[in-house]
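Based on the sequences and whatever the hints tell you, model everything.
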Amino acid sequence: QKEVEQDPGPLSVPEGAIVSLNCTYSNSAFQYFMWYRQYSRKGPELLMYTYSSGNKEDGRFTAQVDKSSKYISLFIRDSQPSDSATYLCYFGNEKLTFGTGTRLTIIP
Amino acid sequence: KAGVTQTPRYLIKTRGQQVTLSCSPISGHRSVSWYQQTPGQGLQFLFEYFSETQRNKGNFPGRFSGRQFSNSRSEMNVSTLELGDSALYLCASKSSPGTGKETQYFGPGTRLLVL
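Keeping their order, the protein sequence lines are chains A and B. Under the working numbering, the first residue of the first sequence carries the number 1, and numbering increases by one thereafter. Under the working numbering, the first residue of the second sequence carries the number 109, and numbering increases by one thereafter.
Just so you know, these hints were derived from the structure itself, not from any lab. Cβ coordinates follow ideal geometry from the N, Cα and C atoms, glycine included. Some hints here could point you the wrong way.
What the hints assert, rightly or not - Pairs of lysine-lysine residues, derived as DSS-like cross-links and limited to a Cα-Cα distance of at most 30 Å, are as follows:
(1) A:2 / B:165
(2) A:42 / B:165
(3) B:165 / B:121
Unchecked claim - Chain B residues, not near chain A, derived (Cβ > 10 Å throughout):
(4) 125
(5) 130
(6) 183
Stated by the list, open to error - Partial chain A-side listing against chain B, Cβ under 10 Å, derived:
(7) 32
(8) 38
(9) 46
(10) 51
(11) 88
(12) 90
(13) 92
(14) 97
(15) 99
(16) 100
(17) 101
Spelled out as structure tokens, the structure:
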């Protein structure tokens, strides 16, 4: 079993839709959960960061962590074409483990 | 503050050759990590350096090596290149190695094509 599984996509949704991106993990030692966003031809950049179960909101973005079920999600409300990017879940540990990424396209 | 810079941005090599990639971290950052990104495997951790010492290593063969200089600049080397080494190589810096909760700042990457 892989340590981290991320929905591979690609995912295409119309502008204004709610987007849900998900990752599951198997390592109970993971403590820090982040979402990075990577635009084409750029390096990833930190989008959201949380270390506890529950929801964390930042504008149109909500990060959800469920440690008992070992999954994390990123929700994007009122999606915009500028949200088109690859989204990577990240589990802060010594091996700096990333998910494989979900490529998202928002269609105007 | 200048971001993470990587050189070169693009590189074409042939099988069997070796390659050296360079990364300059954000000023004041002493931790540099390297990743390989491919469509099939995603972002895979290669190694992390802090204060000129390799702190962690991912599951890559010994052909992949790196080093860090006293000014925190880092280089990675791949010897005896294989076709499967074609990838985007990303460098990330952060202020300390810590426990994984620190924000990483990525460079734009070096795209390596092995023919």
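Tested hints:
no. : hint          : verdict
1   : A:2 / B:165   : 18 Å, holds
2   : A:42 / B:165  : 24 Å, holds
3   : B:165 / B:121 : 25 Å, holds
4   : 125           : 25 Å, holds
5   : 130           : 15 Å, holds
6   : 183           : 17 Å, holds
7   : 32            : 4 Å, holds
8   : 38            : 8 Å, holds
9   : 46            : 5 Å, holds
10  : 51            : 7 Å, holds
11  : 88            : 6 Å, holds
12  : 90            : 8 Å, holds
13  : 92            : 3 Å, holds
14  : 97            : 7 Å, holds
15  : 99            : 6 Å, holds
16  : 100           : 3 Å, holds
17  : 101           : 5 Å, holds
This entry satisfies every hint, going by the numbered hints stated previously.
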